[in-house]
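Please model the complete structure; the sequences and the hints are all you need to start from.
Sequence lines, in order, name chains B and V. Take the first sequence: its position 72, counting from 1, is numbered 72 in the working numbering, and each next residue is one higher. If you count the second sequence from 1, you need to add 1000 to reach the working numbering.
Errors might be hidden in some of the hints.
What the hints assert, rightly or not - Computed footprint of chain B on chain V, listed as stretches where at least three residues anywhere in the stretch have a Cβ under 8 Å from a Cβ of chain B:
id, segment
1, 1010 to 1024
2, 1087 to 1101
Unchecked claim - Among chain B residues calculated to face chain V with C-beta under 7 Å, some are:
id, residue
3, S28
4, P29
5, N32
6, R42
To be verified - BS3-like cross-link-like pairs, simulated, lysine-lysine; straight-line CA separation at most 27 Å:
id, chain 1, residue 1, chain 2, residue 2
7, B, K71, B, K57
8, B, K1, B, K111
9, V, K1027, V, K1062
10, B, K1, V, K1027
11, B, K57, V, K1044
12, V, K1044, B, K1
13, B, K111, B, K17
14, V, K1027, V, K1044
15, B, K71, V, K1044
16, V, K1071, V, K1051
17, B, K111, B, K71
18, V, K1027, V, K1051
Calculated from the structure, these hints are not laboratory results. Just so you know, these numbers come straight off a predicted model, no measurement behind them. All C-beta atoms in this analysis are idealised placements derived from N, C-alpha and C, irrespective of residue type, glycine included.
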Amino acid sequence: KNQVEQSPQSLIILEGKNCTLQCNYTVSPFSNLRWYKQDTGRGPVSLTIMTFSENTKSNGRYTATLDADTKQSSLHITASQLSDSASYICVVSGTGGFKTIFGAGTRLFVKA
Amino acid sequence: NAGVMQNPRHLVRRRGQEARLRCSPMKGHSHVYWYRQLPEEGLKFMVYLQKENIIDESGMPKERFSAEFPKEGPSILRIQQVVRGDSAAYFCASSLNGQTDTEAFFGQGTRLTVV
Chain B
1 KNQVEQSPQS LIILEGKNCT LQCNYTVSPF SNLRWYKQDT GRGPVSLTIM
51 TFSENTKSNG RYTATLDADT KQSSLHITAS QLSDSASYIC VVSGTGGFKT
101 IFGAGTRLFV KA
Chain V
1001 NAGVMQNPRH LVRRRGQEAR LRCSPMKGHS HVYWYRQLPE EGLKFMVYLQ
1051 KENIIDESGM PKERFSAEFP KEGPSILRIQ QVVRGDSAAY FCASSLNGQT
1101 DTEAFFGQGT RLTVV
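Encoded structure:
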């Protein structure tokens, strides 16, 4: 069964600290993995996309990694800011027709 | 180039009424996806449409829900005889083509409340 599991479910960190969010998936065959940021009451916005051959992708203070062998990805946020408070969603797409699975998200709270 | 536009942003319906949610994709995009997000849960795929065609409706409940994307005008998600359990945020996304490595852009969502 194709699944995307994210951990932790929620996370509280202090402003300026780093954090890492995890995503494990079983989608097969694999096409690509995206990380989205969803602010409260808004639609998701894409942060990074990685295909099978890529193992790291950066977007400012966000760095995503992908290990296609172990089917794991992480999103590392450096020097967190209050505006980073949001849900971070891991989305995995397979090949052969439309097959995209959304993780439940990690809810990040950044406190001053 | 305006982003994906959804309206209304908030919709309140009484049980048994119909809800019509609209989605105007980004200019040039002919692929539209609808998702439902229950409170504190992740997005769940409902339906994928291309102009005048339903490509995949595997996530859509069999009864009361329907979607269309006509040749002209926005995509419409229609929920007939709404029940309390239909209360959720409904998001629409659009993309240039149906390839999974093509980015889909999301609208701000419609929050449906059934009272």
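Comparing the hints with the structure gives:
| no. | hint | result |
| --- | --- | --- |
| 1 | 1010 to 1024 | violated (count 0) |
| 2 | 1087 to 1101 | holds (count 5) |
| 3 | S28 | violated (13 Å) |
| 4 | P29 | violated (11 Å) |
| 5 | N32 | holds (5 Å) |
| 6 | R42 | holds (6 Å) |
| 7 | B:K71 with B:K57 | holds (16 Å) |
| 8 | B:K1 with B:K111 | violated (37 Å) |
| 9 | V:K1027 with V:K1062 | violated (31 Å) |
| 10 | B:K1 with V:K1027 | violated (35 Å) |
| 11 | B:K57 with V:K1044 | holds (26 Å) |
| 12 | V:K1044 with B:K1 | holds (15 Å) |
| 13 | B:K111 with B:K17 | holds (10 Å) |
| 14 | V:K1027 with V:K1044 | holds (25 Å) |
| 15 | B:K71 with V:K1044 | holds (21 Å) |
| 16 | V:K1071 with V:K1051 | holds (6 Å) |
| 17 | B:K111 with B:K71 | violated (31 Å) |
| 18 | V:K1027 with V:K1051 | holds (13 Å) |
In terms of the numbered hints stated before, the structure departs from hints 1, 3, 4, 8, 9, 10, 17, listed from lowest to highest.
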